[in-house]
Every structure is written in C-alpha cells, then in structure tokens.
Amino acid sequence: MYASCFLLGTVIVGVVSFPQLFETKKFKIGIEYDNSLPMTGGSDRFRHRNNYDPFFVTVNATVKKGFVISYLEVTATVDALGEVDFNLIRGQSGSKSVAFQLVSNHSDFLAYSYLTYGIREEEYRKIKNIISLPMTNNGIKLNQNWLAISMFIVTYLLNVILK
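Residue numbering for the sequence shown follows the numbering used here, starting at 688 and increasing by one per position.
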C-alpha cells in the first residue's frame, strides 16, 4: 500500500516539476550605426490551439517624425520543439516604417518583442552616399570548385601513370 502511494506520489511530482523548455530566436534587420536611437517597440504573446497549423503574426513598426529606420531587432520565443520564421514584408533600412511577419509552427504559443532603432534623415542621407558596395560576378565558391576539379584530374592522372 505504502509502496504504491510512494510510487504514485513520485510520478505526480515528476510530471508536475518537469521543466517546460523554450526556444528563443533573435533576428536583426538593417545596419547598426553609432547614432542609432531606440524609437518604438512592442511585445505580445499569442496562444493557438492547433499547433500543427502555421500561426502568422504581422507587425508594423514605425519611427518618430524626422527619423528613418536604421535597424530592427526582433526576439521570438516558442516551445522547444517549435519553429519560428521571420519574414520582412515591406520596408527596409532607411524607410519610415517596416512590416514584418513571424510564422510559428509546432508550438502552442508565440511570444515576441521588437525594438526599432532610428537615425536622423540628414545623417542617413550622408551615410547612404558613403556606403555603396559594388556587386561582383565571381565568388569564392567558384574558385573552390575549380580547385577541387583540378585536384581530381591530377589525382586521376597520377593513378594512371603510376599503374
């Protein structure tokens, strides 16, 4: 009798005290500048019953008058086995507003917080003229592929010659 009560009590305590695990992902869009100031932010938590269907949350973030967005920080938390994706729908660094979407899947809830950083429009125009990176047509991967192919050919020729 006492053994079964002890076993039942141990099972109940084990189930109740089992830790609930979470996964937190951080997303950052834009470029951090020295004079970036925190503008607006927000947070919310949503629960949804059917955790096998994707759950979408769309948020619009704006900055104060006379400023433009330099970057946006978003933190999203879901269950440990859940997934969360971040999509930027509208806007970019240098615009007055951005719209982003969080998509959670395989989770009972989605908790998020975001903070928008801004910089004065005049400063951004100066910085925008300085920062311009030209696009290149070649990449490191192409050079590595040719190196691998040439090493394969050399190895094959050495095997043929030595046999």
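Do not rely on the hints blindly, as some may be mistaken.
[Stated by the list, open to error] Distance ranges between label pairs, derived from CB positions:
no., residue 1, residue 2, range
1, I814, M838, 38 to 48 Å
2, L768, Q788, 41 to 51 Å
3, R736, E810, 16 to 26 Å
4, I814, V790, 31 to 41 Å
5, N792, K751, 26 to 36 Å
6, H793, L849, 51 to 61 Å
7, G729, G781, 15 to 25 Å
8, D740, I718, 30 to 40 Å
9, Q788, I840, 43 to 53 Å
10, I836, N774, 52 to 62 Å
11, V746, V841, 34 to 44 Å
12, A767, F743, 19 to 29 Å
13, S691, V790, 39 to 49 Å
14, L844, N774, 19 to 29 Å
Worth flagging that the hints you see were computed from the coordinates, not collected in a lab.
Built from N, CA and C at the ideal position, the CB exists for glycine as well.
How the hints compare with the structure:
At roughly 44 Å, the beta carbons of I814 and M838 sit within the given window of 38 to 48 Å. Between L768 and Q788 the Cβ separation comes to about 21 Å, which falls outside the hinted range of 41 to 51 Å. Under the hint 16 to 26 Å, the C-beta atoms of R736 and E810, about 47 Å apart, miss the expected range. Evaluation of the 31 to 41 Å hint for I814 and V790 yields a pass: the beta carbon distance comes to about 32 Å.
Distance hint for N792 and K751: a CB-CB separation of about 35 Å, consistent with the stated range 26 to 36 Å. Range check, H793 to L849: Cβ separation about 55 Å, and the 51 to 61 Å hint holds. Distance hint for G729 and G781: a CB-CB separation of about 21 Å, consistent with the stated range 15 to 25 Å. With their beta carbons about 35 Å apart, D740 and I718 fall inside the hinted range of 30 to 40 Å.
Judged by the Cβ atoms, the range 43 to 53 Å given for Q788 and I840 holds: they are separated by roughly 48 Å. Distance hint check: the CB atoms of I836 and N774 are about 37 Å apart, inconsistent with the given range 52 to 62 Å. For V746 and V841, the Cβ-Cβ distance of about 55 Å falls outside the hinted range of 34 to 44 Å, so the restraint is violated. A beta carbon spacing of about 21 Å between A767 and F743 agrees with the range 19 to 29 Å that was offered as a hint.
Take S691 and V790: their Cβ atoms lie about 47 Å apart, and the range 39 to 49 Å holds. Remark: the range hint 19 to 29 Å for L844 to N774 is contradicted by a beta-carbon distance near 50 Å.
Violated hints for the displayed structure, listed by number in ascending order: 2, 3, 10, 11, 14.
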